[in-house]
Amino acid sequence: MNTPNKITLIRLLMIPLIIFFYLATFIPYGRLVAAILFMIACFTDFLDGYIARKTNQVTTLGKFFDTIVDKILIMSGLLLIIAVPVTGEPVVGVEWLGVTCAIVILAREFIVSALRQIAASKGKVLAADMGGKIKATIQFIIISIYMVFAFVETEFLSVVNTTAVVAVRFVLMVILIGTAIFTVYTGAGYLIRNRDVFKEEKTSENEEKSEEKVEEE
102 MNTPNKITLI RLLMIPLIIF FYLATFIPYG RLVAAILFMI ACFTDFLDGY
152 IARKTNQVTT LGKFFDTIVD KILIMSGLLL IIAVPVTGEP VVGVEWLGVT
202 CAIVILAREF IVSALRQIAA SKGKVLAADM GGKIKATIQF IIISIYMVFA
252 FVETEFLSVV NTTAVVAVRF VLMVILIGTA IFTVYTGAGY LIRNRDVFKE
302 EKTSENEEKS EEKVEEE
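Add 101 to a position in the sequence shown, counting from 1, and you land on the number used in the working numbering.
Hints were generated in silico from the structure; no laboratory data involved.
Do not take every clue at face value.
As the list claims (entries may be wrong) - Calculated pairs, BS3-like style, for lysine-lysine (alpha carbon to alpha carbon, straight line, at most 25 angstroms):
| id | residue 1 | residue 2 |
| --- | --- | --- |
| 1 | K225 | K164 |
| 2 | K300 | K225 |
| 3 | K155 | K234 |
| 4 | K223 | K164 |
| 5 | K155 | K172 |
| 6 | K234 | K164 |
| 7 | K225 | K155 |
| 8 | K164 | K107 |
Stated by the list, open to error - Across the chosen pairs, the derived CB separations fall in these ranges:
| id | residue 1 | residue 2 | range |
| --- | --- | --- | --- |
| 9 | D297 | I128 | 48 to 54 angstroms |
| 10 | K225 | I282 | 26 to 32 angstroms |
| 11 | K300 | F257 | 54 to 60 angstroms |
Keep in mind that this is a model prediction, so the values were computed, not measured.
Each residue gets a CB set at the ideal place from its N, CA and C atoms; glycine is no exception.
Turn these sequences into a full structure, and let the hints guide you.
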């Protein structure tokens, strides 16, 4: 396992720690620790890619491993900020909107992963494009902000102005909705650019049918 893949493995091992500290409200400033760990994990996503390209250590394993770990990290972060109550309710302002955004984001990730699996079955490796990287960066940022906000609410709610909390919740909700929309946009573009994967599958099926017909004749 080369250095970039080791960094990716470290990111994967950090996810249980992020979950633990976010849920461990009995630990002082636990959610701040979770937010910091999450941001460090996000940074390693850019670090392993930079090192892989800089030192020519880009591998097929690394491409798959990196994208899988990124999705696990994003899914974990979304579930934490949407499903875990903070002062009696999720940190995401409008719960049903937050759930909808999470479903949309995760659905996009699963669809793209399915596309990559189909491509892999044909010996092709589909790496993330620039739109996907920007999408991941935006997702990392909004989840990090939500985690920090959850920490502030948990530790300092008694001294935080209610109007300010409502305003911050509204702004973050708008950003989360925008993130979901951009996620769908990049996913649709990725599918369109790699639509040949499906066409080849269709061609292969036609060839098989033609061969079967010849055999019957």
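A quick look at each hint next to the structure:
| no. | hint | result |
| --- | --- | --- |
| 1 | K225 with K164 | 12 angstroms, holds |
| 2 | K300 with K225 | 14 angstroms, holds |
| 3 | K155 with K234 | 17 angstroms, holds |
| 4 | K223 with K164 | 16 angstroms, holds |
| 5 | K155 with K172 | 24 angstroms, holds |
| 6 | K234 with K164 | 13 angstroms, holds |
| 7 | K225 with K155 | 23 angstroms, holds |
| 8 | K164 with K107 | 13 angstroms, holds |
| 9 | D297 with I128: 48 to 54 angstroms | 51 angstroms, holds |
| 10 | K225 with I282: 26 to 32 angstroms | 29 angstroms, holds |
| 11 | K300 with F257: 54 to 60 angstroms | 56 angstroms, holds |
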